[in-house]
Amino acid sequence: MGLGRRLNNVDDTQHQLAWRVGGPQGSGVDSAAGIFSRACALGGLNVLGRREYYSNIMGRHSYYDVRVSDAEITCHRDRVDLLTTFEAESLARHFISVVEGGAIVFSEKDEDTPLDKITYLDPRAARDLTAMLEDSDLPASTAGTLEYARGHGVNTFRIDFDAVVETLAERLGAPQAIAARTLNTLAVAVSCALVGYEVEYVHEALAKTWPGRQKIIDMNVSAVSLAYEIVRDSLDTSGFDIELHATRSRESRIFLNGSQAVALGKMAGGLAFQSYYPISPATDESVFLEAHQNFTTKDGGSGAVVVVQTEDEISAFGMAAAASLTGARSSTATSGPGLALMVEGMGWAGINEAPIVVTLYQRGGPSTGLPTRSEQGDLNLALYGGSGDFPRIVLASSDLTESFYDAAQAFNYAERYQTPVVHLIDKALSSQTQTVPPFDMDPVRIERGSIADPERDNPDGGDFPRFRVTESGVSPRSLLGTAGLTHWTTGGEHTEVGRVTEDPVVREQQMEKRMRKLDLAASEIPLAEKLQVYGNPEAAFTLLSWGSNKGGILEAMDMLKVDGVEARLLQVRLMSPFPREELSELIESAAPLVAVESSFSAQLAQALRQHTGRACEHLVLKYNGRPMSARELYGAFKEILGGAAERRVVLRNPYE
Amino acid sequence: MTTATKEPKKVTAKDFQVSSPVDWCPGCGDFGILSALQQSLARLGRQPHEVAVVAGIGCSGKTHYYLNAYGVHTLHGRMLPYATGIKLANPEMTVVGVGGDGDGMGIGAAHFVNSGRRNVDMTYILFNNAVYGLTKGQAAPTLPLGLQTKSLPKPNVQGQINSLMLAMASGFTWIGRAYSYNVKHLVELMVKAIEHEGLSYLDVLQPCPTYNNLYTKDWFAGKDLAGGMPRIYNLQDEGYDPVISEGMDDTEVFEKINAFTQKAHEWGEEIPAGVFLDNRAITTFGERISEQVPTYLTQPPCRRRIADDRGHATADLSSIFEELRIT
Ligand SMILES: Cc1ncc(C[n+]2csc(CCOP(=O)(O)OP(=O)(O)O)c2C)c(N)n1
Ligand code: SF4
Ligand SMILES: [Mg+2]
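Top to bottom, those sequences are chains A and B. Take the first sequence: its position 510, counting from 1, is numbered 510 in the working numbering, and each next residue is one higher. Here the working numbering runs 656 ahead of the position in the second sequence, where the first position is 1.
To be clear, the hints were calculated from the coordinates, so they are not data collected in a lab. Some clues are possibly wrong.
Stated by the list, open to error - Under 7 Å between C-beta atoms, here's a sample of chain B residues computed to sit facing chain A:
(1) K666
(2) A766
(3) L980
Don't be surprised by glycine CBs; every beta carbon is placed ideally from N, CA and C.
Whole structure, please, built from the sequences with the hints as guidance.
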């Protein structure tokens, strides 16, 4: 992604908006966000969605930020233009996050709910909000929050959703309970009407949401018309002048999230076997794979991925590792607690040179931690988990498109270097929904590495030296089932044919042979796959980061640019083998060097120090489980540039 | 990739033997199991490269080293997931799992139970010596409560798993028991277990002369009993019929389960061996996958063509892109 025209907070066009919808889990927040996103995308706008939810199925608060623009979007916005709520809790949690000149849509029934009557509002949040409202002489209720918002230049639009549903029921001649199912659509349509968005795209979005289900579509179309009428006829919108309009430039776009991008990348890369144990936020990938497991191939045939749900992650890893020995491209997907269970297997794959790929969807740790929130706290586990020394490839993606290509490339690394690969994703990235150009399959290459041929590699027959000591460290591998290449495979130290040995010399040879593969990988993998430099390559102000933080950093860099500050970002993509030389060179001129990481301990900065000796002057960190916003990052960078910052700058936002 | 380069010759047990030294204790029951496995694979006409012997960790987990085939030594307790991965990715291979009772019933119990649910077409041979041999004789989950082998400082305070019952409850579709010093019967049962289409469980009573001084060769031979008669008898000799066939009604199936339960609990002066269960009414995992993936058997995961001659990916994802297309 170049530094083309990107959106930032100071832009002021009629083609951008940050919208938030909140409500209880299971009440349709996701589907509301889906309709809104599609309506905007159909109008030619780029869309980026961020989903926040609890580890809960029904009732707990969830919300969705949808940011749209005609320019490229890389990050959500944590100050929104328009907040749509269905219930009191959303008002209480988010009123503070609406920009001056923005608006809150709320339901009449929620107009005056005491904060202490909101079941799931965290006691800490209720306490702090109460104190804040009391400071402003406002009641500790949603009435207080609305008044507070109005006092800060926010428009508030009250809608009697119950009455609207009643009217809709009458118009449709349908029972009220049926009409009430359109509540999400009503909320979306009210938002769209408020900003004057072209209604035809909302209609089209309904058709896309329920393809072929005309009755449902018709009912929702009626709801949209009613919402537009209400906004036109019964709301006083004179103080609200934010508008959003379609651009009508309809380039080809797909709309998907990070875990789907990874799944597609794996399919492109030839995945044939995936085993998994359910765990957030990794599960979605495997479910998507299973739903799409049969597909056609360009040579007129068909391909398939066998997907197996196992009894635990130990089994998931073992099945895939063993399957990889047969020549099937194999992988599993998990998050931190799952990888913690897999580490014994990682060592096994390492010593047996098994090409398995693990996609690691990081969430908040340690232990169960924050199961549905984002963090980058598992880099160390990916880099160091397991007993003893073995080579491993660790790479991290930073956006949807990269996730797709990296997921495919991970198999090439695994087979070229015959060793386990961990592909790092984080929850923010996996749940990020976005419109992107359809992925081009052309750059996807399949490199299977060195596969043994019985005639060439074992002409005399007999036990095959699968673990033959070679200069590069890579030995031709036999695929289980091949005639003339039988050998043994073992987690014990072994001879060239795979027989357990404790011989000191053989041990050294095998250990060195395996570890040499890391040097080989370091020398072969091109720079662009190791790291990317964004911004002004000459800039002294240097940011070091990885994973999904990139989106916010790029936007914050644009904001700095407006202030006349040049900056560059070193986005690390390959963590093992660590790009030591490349980074050493790049950081020489860094002043200051600032690591940006979503964890308490800044694990990439630790690795940098371990490999280069250079400590970052500042660490910009966030570990509340929510992704960094450009606004927060910009604030932190300004503080650092102003010389007032401590070494650790922790991004804290109590309202997300 | 199983295309043999030369016309395969007729295999004998010798083809499955290797010359390297075997490091089990003298008199260990494991020898009988190894020899029986080599004979069984030969009797079944398998070529060594068509066979994967997948092992857990323990004395028992060394079996595959002494055998010429693809030998896969896994992790302690994890034999079944690895064996499953191999069989599912290359369904043409004959997969035989070997491991100890600590391996299978202790650390690996979750895999044992859940493998039953899948019914992958492979064979599990459990070396039941009631102790953890390789770690010097601690109680295995198969050792009864209150017993004290010479390797234990105190009597066993944990109860015993009835491995046959656990296999039945978990869904193994072929269950048998054999005695490692009766190699002839062992071969007969191994051949049946491997031929069975589905997941087979063969529990082998395996004396560990080094640590288990209770379940010895003499004890199994009934030398301590008044009549001096061997404890082990063959179920099939008394007409026990283990077969559950497709279409049997509930009453018949319940009768089979009852008979199985009775026999699985018999222990002491008389110990049944033979085929306890042969359930032919359950689909294999491979069949279940084939229903969802029509190309599974013609293009198994290990042999799918994923790249064209120029190294370009063959997958055509356009229909999925179409599904995700918004504009
Ligand atoms: C994760 C792990 N924990 C512990 C061990 C140590 N260990 C090796 S063999 C074994 C027990 C073997 O007993 P069993 O499975 O009954 O096999 P046997 O030696 O009796 O054949 C144990 C606990 C190990 N290898 N790995
Ligand atoms: S310890 Fe027991 S099981 Fe292990 S080799 Fe010796 S006799 Fe056999
Ligand atoms: Mg044992």
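Cross-check of the supplied hints:
Interface hint at K666 (chain B): violated, since its Cβ lies 16 Å from the closest Cβ of chain A, which is beyond the 7 Å cut-off. A hinted interface residue such as A766 (chain B) counts as satisfied when its beta carbon comes closer than 7 Å to some beta carbon of chain A; here the least separation is about 5 Å, so the hint holds. Proximity of L980 (chain B) to chain A holds as hinted, the smallest CB-CB distance being about 4 Å (cut-off 7 Å).
Hint check: a violation occurs at hint 1 only; the rest are consistent with the structure.
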